[in-house]
Structure formats: structure tokens, C-alpha cells
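Could you build all of it, start to finish, from the sequences and the hints given here?
For the protein sequence lines, the chains are A and B, in the order given. So the mapping is simple: the numbering used here equals the position in the first sequence, first residue as 1, plus 44. So the mapping is simple: the numbering used here equals the position in the second sequence, first residue as 1, plus 9.
Source of the hints: derived by calculation from the structure; they are not laboratory data. Check the hints yourself; a few may be wrong.
Unchecked claim - Here are the simulated BS3-like pairs of lysine-lysine, each with C-alpha atoms no more than 25 angstroms apart in a straight line:
| # | chain 1 | residue 1 | chain 2 | residue 2 |
| --- | --- | --- | --- | --- |
| 1 | B | Lys234 | B | Lys317 |
| 2 | B | Lys37 | A | Lys67 |
| 3 | A | Lys113 | A | Lys165 |
| 4 | A | Lys57 | B | Lys317 |
| 5 | A | Lys203 | A | Lys332 |
| 6 | A | Lys427 | B | Lys234 |
What you are looking at is a predicted structure, and each value in this text was computed from that prediction instead of being measured.
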Amino acid sequence: MNDSFDQISQQLKGRHRKSMRLKYYSMGALALAAAFLLIFFADMLNKGLPAFKQAMINVEINYSEDAAKSGRAAVNRDFSTLISRSVVRTIPLEMRNDPTLLGTTVQRWVLASGEVDQYLKGNRVRLDDEEMERIDRLVETGKIEQQFNVGFFSRGDSKMAELAGIMSAVVGTVMTMIVTLAIAFPIGVMTAIYLEEFAPDNRLTQLIEININNLAAIPSILFGLLGLAIFINFFGVPRSTPLVGGMTLALMTLPVIIISTRTALRSVPESIRHAAFGVGCSRWQVVKDHVLPLAMPGIMTGSIIGLAQAMGETAPLIIVGMVAFIPDVTASFTEAATVMPAQVFTWANEPDHAFVEKTAGGILVLLAVLISLNASAVLLRKKFERRW
Amino acid sequence: MMLTNHPFLIFCSVLLLLGLMAFFIARKKATQVRASGTAMFSQPDQYAWFAVVATAGPAILLSALGAFVMLLIGADIPTFPLLLASLVLAAIGLAVGMVLVRANFHARQAIERVIRWVLAGAATISILTTLGILISIVGEALNFFQMHSFWDFITGTTWAPGNSFLMAAGRGDGASGGAEFGSVPLFAGTFMITAIAMAVAVPVGLLSAIYMGEYAPSRVRAVAKPMLEILAGIPTVVYGFFAAITVAPFIVRVAETVGLDASFNNALAPGIVMGIMIIPFISSLSDDVINAVPDSMRQGSLALGMTKGETIRDVVIPAALPGIISASLLGMSRALGETMIVVMAAGMRPNLTINPLEEMTTVTVRIVAAMTGDLEFESAETLSAFALGLVLFVVTLSLNLVSVIMIRRFREKYRVNNL
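Following this line, the structure appears as C-alpha cells:
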């Protein structure tokens, strides 16, 4: 090889250029992921934030004789087509519950119909020009207003977009998660303690270990099939309930909790165990009084992450029937319920365009909860993490 | 519900009462024995706990066993006598516990043994879960294969369960009239979407891992890692909504401007979004593996005059390759089993095509479709979901096993313990 100095430095330049190119490509890949995250959140906020606003109309409700029969008669003809059907429907009911209302008139803010709401938010609607003009006039006079949508948080599901809320799904989620944690946390921690602190290194232990790693990677929908075949068909747990949903999710969360608990237990230094054994503790006493307290932050972090994962899971819950129309808040663990992601799924399938913002709004709430759960897990780890 | 709950509640409260009694009486007795000057093997509290275990343990075991036998064999054991028997057993246990409060009994070791068994019992639940999945899926899948031939299922190219409800209602015209269960188009769709996802996830995930492992200053790392974790924490149903509402129409519009015809349920949208979902799995595992490659290898390469890029390409990546492949396989098994994104963004119509702009369906979509229909559980379509689930289980399980073996090989080669 008789390359001249110039040739070699040329080559070197080329090689360095190539090297830099790899750096820029890899930087670009990370930037791409970041860009996606930005686009995603911008899109969700753009679609979902309107869900927190709801058009309201200030109308005079006239509790007349006619209104007791048909609620539509209680309001001025100009308004009756603009307010939500649900308001109209409840007027006769109100009068039956409270007979003193008869003959009185009340001025108050009521829900506008979904069409009015969508019109104010600038979406396409099926209103004619005359109605649009009327709405514009009412907006100018302050009779129609977009207010904070309290109902979105306080009501259950509904087929009418302006009435639909996330309350029943939130309650269902909480109940399902209670079941999930009540099963997965103790069993998961106990399994991890057994494998880390007690188990002899034999075939059975290895089998359990391989099993747990595999369970963590099995598609979630298969847990749904298990829930359907074993819990519902075999043990007769009622379908669509927080009980069966929670049990199914518990099996899914179990490996997450086991794996993180084992990591936490492993990070407790041996010297602590030796010291405890040295003063005459039995194995269980070592674990209970010394190892577990030190591993607790790690275990909690893992459990919170597992919980957040279970909270976002939908596929197995579809199979066990938890994607259901639940207008009222569920009161017991053996009643039909739905959860937040399932509610999002139900709304995403609604043909009415007004449900798009409901879906995105639900997603924002769900994401806020999940991200704060994960953030608290990270904070917990940061705060209590000990380097030995 | 109330009627079954009522005796159960009484049972629980009586058991709780007995347990409390056991605890306090045993502790008192042990304290007395010790106060009288006899040296005892264990502490009073340990005797007390042993008495509680002796009281509650057998009783709970008996009632659980009874309930299980009742469900398993369908034997009709009346609830009330069963619970009563359990309570009698609890009382006997209490008595035994009391008798055993004596100086030469190792209460601590006895508790230790019980705890060991309880913990081991908890550990076997993971095996039971896997067994449960296997039994439930294989059992129902076998039912399905009795109705339809396994060979047709594996090689058939038409998936048309449409008429199976007629057969379930007894109005079908004979053996397999109308309903066809050929799973090839479903698997073709699944692999197509998975391939698109991997085409997005592997380069982006791997390159970001390289950047984070080799180039990034610690400040960038501190931001990038949580960012990728957020990506991993987004629920799949949310990704599905994003794919269906934002990405799919965008792809249709882009395809129109280039003069192509794309379906709103095209395979590209769920594929791309699924790829984004998998990026964090691949990048975090690859990052770990790249970090585990010993620094001496990098130093050796740099000392020979290789540029940094050449070191990464020719030394670090080849060394980390088993780990990277195992990460990709794990990502792939996740993509194969992913449900919500494809249910919301991919099509329902089985379609055997290689054009990603066309509508196609996947295994998981058909499982969900079969499970959410108003069909009898014993109908062929519902059971077909279990057959599909079985194939899915086998495929993902083997991918996971290969991945575990690869990572173990890597770990042994470089003696890293934290992978």
C-alpha cells in the first residue's frame, strides 16, 4: 500500500464524515420519537380540550299545566329546539316530585343540545341557516355560553353526546383496580419473597421463574380468554363485573409485581441478612423485619407501575364483557361496570361526531392519571432509593 | 346473593373472634409459663401467632377445599354444614394451639414452616395461571377442531364464519355448510402489520438506543429516557384511537395526492402506530445491552485508530447483537398479540393481499369480533377465537423463548448480571 499522505487524509476525512453521519442519524431517530410524542399530545389536546367545555342556554322554564305532560311546553318555542332533549324530558318528572313547582317560572342555565354545542365549537352540524343565526344572536346577548363541563365528570355514559360523562367509568376503574391490587399485590410479593429468600435452587423453582418471565410476555388478550373460560364459564363469576375484570387483570399484573419485587429484594445487600442471622433471627424474621422494610420503596414503585399498566388495559376486558353501556354508577363488585379505557373504546365506536371530543377528553383524563401515577412511582424511587 | 353472603360473613367473624381469642389466651399462657421461671424455646408472641395459625389455617383450608370440590365436581355440599365443620375444626385447632404452649415446643420454627408453605403456594399460582391459559385455550380449541378440520384451519384461504350461527341454531345445511375457517388471510394480515411495525420500531428504537448509549450527554439522557417511558405508558386503546382518527385519514390523503387509492382501514396506519408503540421496548432493552458491552472493547477499537462510528458499527453492535435481536423478537411478539390498535384502526374483512393500503384484518381482531358478537359460547365462531388464540400463544411463546435464550447467551459471554 503506497497511499500518499493526501490520500490517507482524504480517506480519514471520509471516515470521520461517515462517523458523524451515524451520530446524526441516531440523533434523528430520537428526535423522531420526540416529534411523534409532541404531535400525539398536540392532537389529543386539540381534540379533547373542547370536551371540558359545554354549551349552556339560559332559559326561562315555565312550570305550566302543559309542561307537566310534555316538557317541551315549559320553554319558549325559540329555545325548545336548542336545548338538550334530556332537559325537556326531566321537566315533567321534576314537577311530579315537587308539586309546588306548578305555576312558577325559573330562569336558569340548562344543557344545550349536542348540535348547538358542536356549532359553537366550530364543527360541522346539521342546523339550518335560520337556527345558526338564532344561535349567533343568543350568543351575542349572552343567553348561550360555553361553560366548564361539570357533567363530563359527574355523569355516566349516555347515548346523547352532550350528556355523556366519565363518572361510571371512573368508579368502575377504581373498583376493578381494588380487586386487581388486592389479589396481585399480596400474591406477587409473596411469590417474589419465596423465590428470592426461601426457594431452594431446584427444577421447580426454575420452572416457576421461566413461567413468570413468559407470563409477562403473553399477549394480554389471551388473559381475557383465560378469564372467560376459567373465571366466567367454570367458576361462574358474573360477567362484565369489576370482580372478573379485576381478577383477569390481576393475573396480568402479577408478573410485573413479582419481577420488580425481586429486583428490589435483590438490591438489599447480603450483609444486612448476615447481620440479622448473626443475632439469631429466623429466615422469616430476617425477611419481615429487615429485608422487606428496606425493599418496600422498590416494591411500591413496581406495584404502581403494574397498576398503571393494568389501568390502561382494554383487550382482556373486552373478552370478559366489561365494554358495556353503563349509564349509572356501579354500586357493587358483582354488578356490570365499565372502565376508563373501555369507555374510550365505546365512545370511539360511536358514529356521532360529537363523541370524538368525548373520546379525546376521556383519553386526556386517562393519560393525566396514568402519567401522574408513573411520575409518582419515579419520585418514590428517587426519594427512597438507597445506594449501598 | 345475600343468602350466600350471610353465612359466609358469620363464618368470617366467628373465625376472626376465635383467632383473636387464640392470640390473647396463648400469649397470656406463655407469659405465665415464662414468669414461673421455666425457660421456653420461643417468645410469647410466637406462641400466640402459632395458636392463631393453628386455629385459622385448617379451617380456611377445609372451607376452601369444600368450595373448590363443589365447583370442580359439581358435588352439592350444603354451605352451612361445611362452614360449621370448618368452625369446629377451628375450635379443635385452638385447643391444640393451647396445648402446644409449653416450654419444649419450637413455636418459631413451626411458624417458619407454615410461612414457607404459604409462600411456596403463592409462587405456584404463576404456574397455575399458565396452566389455566393452556387448559382453557387448548380445551376450547380442541372443541373447535372437532367441528372443523385442523388442516383446513391452517391452510384455508377463506375466513367466512358468517353462517356459523345458522349451524349453531341447528339450521345449517350439513357438515361445514357455508362457514369456512381458513386462517391464512388472518395470519397474512397479522404478519403484514407486524412487519410494518417492526420496520418503524427497529431502526428508530435501535438508533435512539445507540444515541443514548454512545453519544448523548447525560442531560439529554435524563430527558430522553422518561420521554420514551411515557411513550411506553400510553394505553393501547389511545394509540388505536390516534391511528384511526388521525393517522389513517392522513395516509389516505397522502395516498390520494400521489394518485393511489387507500382504504380508511388500511394496514399502514395501525402498523406505523404500533411501531411507535414498540419503539420504547426495543430502545430500552437495546440501551441496556449496549451499556453492558465492556468498555475495554471500545477502547481497544479506538486505540487501533477506528473512528467512533466504526467502533459502534463494527464492534459494539456485533457484540450486542444477541441482545438486540432478543429485544426485536420481544417487540415482535408484542406486535403480534397487540389488540386494541388493530381492532380500532385495521379492517374487519379478511383480505389476502400484499398492498398495505388495502383493508386487512388480524388474528386478534377476529378474536375480539368472535367474542363480542351475540353468539352462543358453543358456536363455531366463538370457539374459533380459542383456536386463533392457541396459535397466537404458541407463536408468542416460542418467540419469547428464543429471545430468552439469546439474551442468556449474551449474558454468559460478557458476564453481565443485571440483564
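These are the hints, each one checked on the structure:
| no. | hint | in the structure |
| --- | --- | --- |
| 1 | Lys234/B with Lys317/B | 23 angstroms, holds |
| 2 | Lys37/B with Lys67/A | 73 angstroms, violated |
| 3 | Lys113/A with Lys165/A | 34 angstroms, violated |
| 4 | Lys57/A with Lys317/B | 13 angstroms, holds |
| 5 | Lys203/A with Lys332/A | 52 angstroms, violated |
| 6 | Lys427/A with Lys234/B | 18 angstroms, holds |
Of the numbered hints stated above, those contradicted by the structure are hints 2, 3 and 5, listed in ascending order.
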